[in-house]
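Now for the letters of each chain:
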Amino acid sequence: MTGIQAVALVVVALGGTAVVLARDPARQALVAGIFGFSLAILFLTFQAPDVALSQIVVGAVALPAMIIYALRKVQRREQVERGER
Amino acid sequence: MSVFGLGAAGTAALLVWGLAGLPSFGDFEGAYGQLLAHLTVPERHATSAVAVSTFDFRGLDTLGEEFILFTAAVGVLVLLRGQRADETVAAEPMHPRRPTADSRTLRSIATALAAPVLVLGAYVVSHGHLTPGGGFQGGVILMTAFLLVYLAGSHLHLAAIRPLSAMEGAEGVGAAGFALIGVGGIILAGAFLENFLGFGTTGNLVSGGVVPLLNVSVGIEVMGAILVIVGELLDQRFLVRKGDR
Amino acid sequence: MSFLPYAVAAWLFLVGLYGIVTSRNLIHLVVCLTVVQSSTYVLLLAVGYREGAAAPIYADIPTSRPVVDPVVATLTLTDVVVEATVAALLLSLAVQAHRRFGTLDPDELGALRG
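Protein chains in written order, with this note's numbering: chain A, 1 to 85; chain B, 1 to 245; chain C, 1 to 114.
It is worth saying that the hints were derived from the structure and are not from the lab.
Each hint should be verified, as a subset may be incorrect.
As the list claims (entries may be wrong) - Computed Cβ-Cβ distance ranges for the label pairs, DEER-style:
1. C:Thr63 with B:Val206: 39 to 47 Å
2. B:Thr11 with C:Ala54: 30 to 38 Å
3. A:Ala26 with C:Gly102: 29 to 37 Å
Said to hold, decoys possible - Cβ-to-Cβ under 8 Å is the rule here; a few derived chain C residues that face chain B:
4. Ser2
5. Ala54
6. Thr63
7. Pro70
8. Ala73
9. Gly102
Cβ atoms here follow ideal geometry from the backbone N, Cα and C, with glycine treated the same way.
Starting from the given sequences, assemble the full structure and let the hints guide the process.
What follows is the structure, encoded as structure tokens:
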């Protein structure tokens, strides 16, 4: 296994741990985006460019967007219930 | 917590024992994959072995995955749209002409990027059988283009360009298109999803038989499904509701 | 050393599972689930890798060159997009749970009522 694959694997393992340890969902969305990028780089080193492209568009664009939209929906409802809107 | 610790330790032991039995990294000798890779160019005249595997050799698996996508989008619709009817909380309390994003920089960048991203998405979808890419990746890129339109404009612009019912229609058309092309395989070539179009010359845009068509239908479906999901999560309403909204 | 990819896959699986079990927020839980999903991608691609092989795109390499397994790439790339949609479905379930019970904490969610 090449050096860059080993480095990418370690970064992915650390990234996964960081995603789990980030308890606040808003910050976690950002960390998940970075984790998605590191996964895409790992897939590139594994000679799978199709999968890397898929992972980039989904894990760094679509998924953090969906997390933040869901959070926003929940927060808006909480604000209304608290009477701030 | 201790129960989880015990379970995790047991699972870890099982995983290590199981994974140690795999062939060592880099030594994979699977014959099936190698056969498919060697058949790609001579038989299907397409240069991307992954795309041909996805849509031709293993097309049935992709059909199943595509319908998971479809079902998940329908599930989101059912969950979130049903609650709009008896909603006590106001939807986005906006006049339709108010811009979505407050920052002018964001709006300018989004305006500038929307069309190039659309072209990029169309390129990735149509060249899926030649280079890395294809329907799934390109569909998400197309979705991003429409999302940029939403960021750049106001709800009114978005309603004109991205009405929710058109997106649902796109999703349905994509999913049905895939299945119908498969049925075409039955009618014209004897087996479901059998490649029935001419294969063309290697490296051309028109090659690989049915694979480019399936790419396009998957691209449309993925774009429609994710836009439907994002539209529901954003809780968009394009008609101003009666009353104080 | 060649066990590292499999070790990372197992580690991601267990870390994601730990996150799911100890989560106090449903949205955090869904994101930990995506970590578990990514462990399967790593495992699939690690299984299909061949030492010294190229990517399975023949646009610029001769057809005699050894390539990595295209079948696992097929499975993984459809999987990535589809599982993101499933995560979106779970997120909307979380939003619905918040509407129903007023909280996103899994420990405080009430029992299912008909």
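Each hint, compared with the structure:
{"no.": "1", "hint": "C:Thr63 with B:Val206: 39 to 47 Å", "result": "violated (20 Å)"}
{"no.": "2", "hint": "B:Thr11 with C:Ala54: 30 to 38 Å", "result": "holds (35 Å)"}
{"no.": "3", "hint": "A:Ala26 with C:Gly102: 29 to 37 Å", "result": "violated (20 Å)"}
{"no.": "4", "hint": "Ser2", "result": "holds (4 Å)"}
{"no.": "5", "hint": "Ala54", "result": "violated (10 Å)"}
{"no.": "6", "hint": "Thr63", "result": "holds (5 Å)"}
{"no.": "7", "hint": "Pro70", "result": "holds (4 Å)"}
{"no.": "8", "hint": "Ala73", "result": "holds (5 Å)"}
{"no.": "9", "hint": "Gly102", "result": "violated (12 Å)"}
In terms of the numbered hints stated before, the structure departs from hints 1, 3, 5 and 9, listed from lowest to highest.
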